[in-house]
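These protein sequences, in sequence, are chains A and B.
According to our numbering, the residues represented by the first sequence are 16 to 645, in order.
According to our numbering, the residues represented by the second sequence are 16 to 645, in order.
Rather than coming from a laboratory, the hints here were simulated on the basis of the structure.
Watch out, some of these pointers could steer you wrong.
Same chains, same names: a pair is fine if it fits in one copy or spans any two.
[As the list claims (entries may be wrong)] Dumping the calculated DSS-like pairs for lysine-lysine here, alpha-carbon to alpha-carbon at most 27 Å:
#1 K613 <-> K623
#2 K159 <-> K291
#3 K488 <-> K613
#4 K159 <-> K354
Predicted model only: the values in this text are computed from it and were never measured.
Single-letter residue listing:
Protein chains: 2
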Amino acid sequence: MNEYIKNGNRVTLSELSLPEDLKKLSVQQCWYLCGEIRNMLINTVSKTGGHLASNLGVVELTMSIHRNFNSPDDKIVWDVGHQAYVHKILTGRADMLSTLRQENGLSGFPKPEESPHDTFISGHSSTSLSVACGIAEAMRIQGKENYTVAVIGDGAMTGGMVYEAMNNCCYLQSNMIVILNDNNMSISKSVGSLEKYLTTLRNSEEYLDTKRRVEKNLAQIPVVGNKVAKSVKQVKDVIKSTILEKTLFEDMGFIYLGPIDGHNLRELEQAMRMAKSFHKPVFVHVKTIKGKGYLPAEKNPGEYHGISKFDIRTGNPEVSAGDSYSTAFGKELVNLAKKDDRICAITAAMKYGTGLQYFGREIPERLYDVGIAEQHAVTFAGGLASMGQIPVFAVYSTFLQRAYDQLIHDIAIGGLHLVLGIDRAGIVGEDGETHQGMFDVPMLTSIPNTVIYSPSSYNELKHCLKNAIYDEKGLVAVRYPRGAEEVSFHINTEYSEYMFVKNNKSDTLIISYGRIFNEVYKAQSLLSADGISCDLLKLTKIFPIADNLIHEIMQYKHIVFFEESTENGSISEKIGSLLMESCYRGSYSRVSVNGFIKQSSVKSALDKFGLTCDKIADYIRIRSIENGKA
Amino acid sequence: MNEYIKNGNRVTLSELSLPEDLKKLSVQQCWYLCGEIRNMLINTVSKTGGHLASNLGVVELTMSIHRNFNSPDDKIVWDVGHQAYVHKILTGRADMLSTLRQENGLSGFPKPEESPHDTFISGHSSTSLSVACGIAEAMRIQGKENYTVAVIGDGAMTGGMVYEAMNNCCYLQSNMIVILNDNNMSISKSVGSLEKYLTTLRNSEEYLDTKRRVEKNLAQIPVVGNKVAKSVKQVKDVIKSTILEKTLFEDMGFIYLGPIDGHNLRELEQAMRMAKSFHKPVFVHVKTIKGKGYLPAEKNPGEYHGISKFDIRTGNPEVSAGDSYSTAFGKELVNLAKKDDRICAITAAMKYGTGLQYFGREIPERLYDVGIAEQHAVTFAGGLASMGQIPVFAVYSTFLQRAYDQLIHDIAIGGLHLVLGIDRAGIVGEDGETHQGMFDVPMLTSIPNTVIYSPSSYNELKHCLKNAIYDEKGLVAVRYPRGAEEVSFHINTEYSEYMFVKNNKSDTLIISYGRIFNEVYKAQSLLSADGISCDLLKLTKIFPIADNLIHEIMQYKHIVFFEESTENGSISEKIGSLLMESCYRGSYSRVSVNGFIKQSSVKSALDKFGLTCDKIADYIRIRSIENGKA
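Turn these sequences into a full structure, and let the hints steer you where they fit.
What follows is the structure in structure tokens.
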């Protein structure tokens with residue numbers, strides 16, 4: 016454990032008052048502290064899982080920010096907050112780091128309820144400039160003279176919101192500083208022309224110096240003869256009007272500083288001080304190395320982006336990726352696309368997360384990684400579809416929210432055929448509120464003519480994907496959860512849109528879909544052991560609801576629907592209303608999710624909302640007693 | 016009527032085979048044709064209403080595009096398609112122009128089902144680059160060598176999708192040409208740093224020429240002495256690496272051509288030919304004058320953006336703006352904001368459309384026009400709210416779809432207080448499918464803890480707005496329709512969240528909200544005259560549904576809900592499910608909207624969906640007979 020000098024005394028990290036005491040440390044001591052923080056990060060994330068490489072890259076940058084700004088009066092806004100672990104350590108939460116991403120523990124993202132230093136929630140990308148612009152304007156209205164600092168990675172720079180915000184904040188001349196943490200990659204290898212542009216800037220000499228040198232040299236060009244003098248003057252004028260406003264960020268209205276070495280504390284601090292002096296929109300371009308200080312992560316930062324537990328010495332993740340709905344989807348899509356060159360695969364910077372790496376390996380010419388740009392992804396798919404291609408957009412449920420309008424306006428109104436592979440549909444666990452896949456069902460069902468499949472196994476996923484591509488028209492979604500299948504049911508059937516599992520003479524029907532069917536199936540056994548008989552209905556094509564389905568289920572006296580979706584706009588709500596409109600006279604109840612779901616294991620969250628087999632069995636037991644009384 | 020030479024014969028516009036014959040006309044004849052088109056536009060829009068100024072500005076540009084590309088093999092994608100009237104005329108639809116924006120007539124936007132020359136639907140802004148990128152990629156896959164051309168206005172350039180698309184299409188090196196129709200204003204006065212930047216470009220000399228001149232002049236600088244030689248070389252190097260990649264669009268990866276005079280056919284055609292020669296992403300910057308050729312529109316293009324019928328000679332719109340829900344909202348917001356400097360108003364390029372011009376006049380320092388950037392608008396509001404301001408975002412229902420994720424991620428999860436003034440909620444009429452306000456109810460109700468008000472009169476709107484600002488927390492929406500209130504009911508009550516209008520001993524209850532209540536109220540009288548007695552329930556705070564409400568309405572034997580919203584995820588669906596879950600044993604039915612709604616008058620659309628007083632009365636009469644039988 017390192018020691019630091021505070022008021023002349025030697026103290027440990029946990030005895031420092033953070034972030035204030037950072038300002039009192041010498042640069043030498045800051046270096047020690049950076050080392051200690053890196054060890055802490057590696058040790059912790061090896062046990063808890065989480066985002067390692069990005070945080071190793073911002074140790075010096077984060078320290079420099081906290082040494083030069085006064086949080087929480089100055090507001091620091093972290094974009095895609097998973098780069099904020101160092102910030103958490105440096106604002107007094109080092110002792111809690113071991114609880115990272117666990118139930119009731121530290122969030123993996125900034126969370127205002129956790130600390131006054133966490134300015135704004137940020138699990139989704141590209142929001143920080145908009146937030147900072149709002150905060151800077153509020154400060155202006157309130158007569159406050161504090162700073163607002165947005166810290167954004169180069170990956171997040173591809174999101175359209177950033178551009179909308181640049182356009183607005185520079186117009187307003189907001190007192191805000193944007194720090195670009197440029198590690199030359201977003202989650203994995205970066206894509207897009209902006210990245211190419213940033214790379215050019217990264218590799219340029221320090222920009223401010225270049226400008227000065229040119230101006231000096233210009234002054235030295237001799238003026239010989241009239242014609243030449245005119246030429247020289249023209250050149251000088253052009254240079255003044257161009258070079259002096261050169262970068263894209265200056266074109267958008269920022270003062271641009273950089274590129275700065277993000278691991279050189281002195282250089283960083285000089286840039287921070289300069290940035291503070293303008294009181295206008297300033298863009299500070301900082302070069303960092305993702306995974307800095309931990310060799311396995313430096314060598315392969317993509318693998319250490321969001322990871323499970325791993326062995327520190329070997330660098331090997333404890334749990335191998337293995338099979339998952341994502342890989343099952345990715346592999347089947349390759350199978351289909353090999354035989355049909357109309358099929359194109361699209362991802363918004365989530366090639367690995369969505370299992371599209373197989374597609375990239377086998378059919379790279381029809382795989383499109385558009386960057387963190389879900390809006391463009393959907394409308395781009397619309398363009399492809401309008402020409403007879405069959406685009407398949409693989410996307411996390413939570414990120415698809417970004418493209419609601421495009422799904423309506425650029426796909427559904429025109430009746431274009433787009434297949435959505437919706438990954439991480441349902442509860443995702445440790446990432447918490449910002450990442451839960453809770454809204455795709457209400458979102459998609461609200462759009463006329465949409466079809467939704469929700470398979471309960473890999474095998475069904477393959478069937479559904481094939482149906483979605485070949486048997487359906489228009490907007491079709493296949494949604495599946497994070498992780499691996501759990502299949503305790505062994506029902507030997509052909510694929511069907513829905514399926515009853517019947518006992519003899521049961522008057523109770525339990526409806527479900529997706530992975531919850533497995534829980535319901537197990538609950539049926541538990542109940543059977545108690546002498547309670549239930550029939551099951553598993554929906555696979557969950558929307559639109561088949562015409563004859565309502566009449567079939569109306570044969571039961573009691574119907575209960577268990578659904579892993581937010582309650583409003585869910586399938587169980589639609590079935591409820593359809594039963595009412597059909598004058599059903601039995602009892603109907605439903606168990607779904609209400610509110611936002613905090614971080615915890617998936618199992619714990621499902622349990623909390625009554626969606627595990629035990630809770631399902633309990634619920635039916637109680638209903639059964641009530642129905643007996645009634 | 017002008018005459019044109021075709022195969023040596025004199026023919027009229029309607030005898031030309033368009034767009035092919037355009038290529039055979041001399042430039043002189045094209046000028047005549049431009050004049051004829053302008054007259055046609057002014058005459059038609061003066062009768063039908065629609066978008067005049069933007070179309071007057073693109074007459075030469077559109078002609079030049081069709082002379083240099085082969086539609087429909089080459090694909091022309093119009094961004095915010097309301098600038099496509101000239102395109103419609105030049106692709107053989109001149110004779111139908113008088114049916115513009117009417118039921119079963121020509122759409123005010125491009126519509127593939129209308130013509131093979133209409134590549135893609137576009138009512139919302141900033142989609143064209145994404146669409147074109149998709150089309151260009153499909154052509155690549157299919158081995159086609161045609162061109163894809165996106166035509167986008169400077170206003171639409173502020174939408175984040177454009178930036179996402181630039182990043183992607185330049186990375187892909189797609190064979191596509193982007194034509195920026197820069198008329199220096201979006202819908203009204205433009206805002207944002209990008210606009211400032213474009214203005215700088217507009218006012219520069221022709222850019223390609225500047226480059227050439229500089230290079231020539233550089234060659235003329237004499238090299239005198241060693242030290243100077245080094246300086247000159249450095250200057251030259253810097254100029255090469257900077258000036259030759261100067262504009263923001265070149266930074267993003269485009270070849271940039273411009274600025275071009277958009278009313279000079281020869282200059283336009285030269286640029287088109289050059290653009291075609293690259294087979295890479297090319298950006299052609301064309302300067303146009305909005306309203307060109309019609310003085311009232313040139314002088315005041317904002318007023319002639321989207322207009323009602325007007326008198327050609329005076330230029331006066333026949334129908335004055337007058338009172339509307341928008342102005343009632345705008346005026347009340349000023350009243351409240353004058354007394355409370357926490358209140359900030361936000362618009363996404365719709366200051367006039369949303370009634371915020373009053374706010375702009377009285378409290379300009381707290382009005383934010385962020386450009387066509389709904390995503391940024393919401394997250395910017397989140398930043399303001401996190402600092403204790405009270406942001407009010409006035410936005411059309413259909414455009415709010417762009418910000419679904421931001422409402423969830425940047426407002427609702429953090430419990431921040433944002434008030435939405437949702438204008439054009441419900442059916443909007445002539446703009447058709449792309450502009451109907453049909454999805455805000457399912458969209459917002461899916462988000463936990465959201466509150467929605469739907470007033471039925473100006474007076475209620477004021478109450479609701481005040482409640483939303485002061486009595487509620489979190490995300491609160493006040494939604495109201497396009498146009499003026501129609502209030503035939505005179506119910507003298509205090510404001511309340513819901514209200515029953517009771518007859519004696521009626522066993523039928525009709526529920527509704529918003530402007531449909533007025534229809535229901537009139538239907539009640541019609542039915543009463545037939546001896547059919549109904550009670551009414553008007554919801555004003557429509558969500559969440561009050562706890563005791565279900566129990567109150569369960570007293571009725573028959574319940575019917577009339578709702579101006581898409582059916583899935585609507586309030587009537589939620590009430591249906593709640594009744595079912597509460598074991599209601601009466602009859603329940605609901606009338607709402609299914610599918611996308613085509614252009615027509617609002618009245619006609621309401622009638623089609625059974626939401627006018629006559630249709631409502633008919634529906635109840637039939638139910639009443641059925642119930643009598645049952």
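Structure-based check of all given hints:
1. K613 <-> K623: Only inside one copy: K613 and K623 sit 11 Å apart there, 45 Å across copies, limit 27 Å.
2. K159 <-> K291: Within. Shortest intra-copy distance 15 Å satisfies the 27 Å Cα cut-off; inter-copy 53 Å does not.
3. K488 <-> K613: between (37 Å within a copy, 20 Å between copies)
4. K159 <-> K354: Only across copies: K159 and K354 sit 21 Å apart there, 63 Å inside one copy, limit 27 Å.
When the structure is compared with the earlier hints, no violation turns up for any of them.
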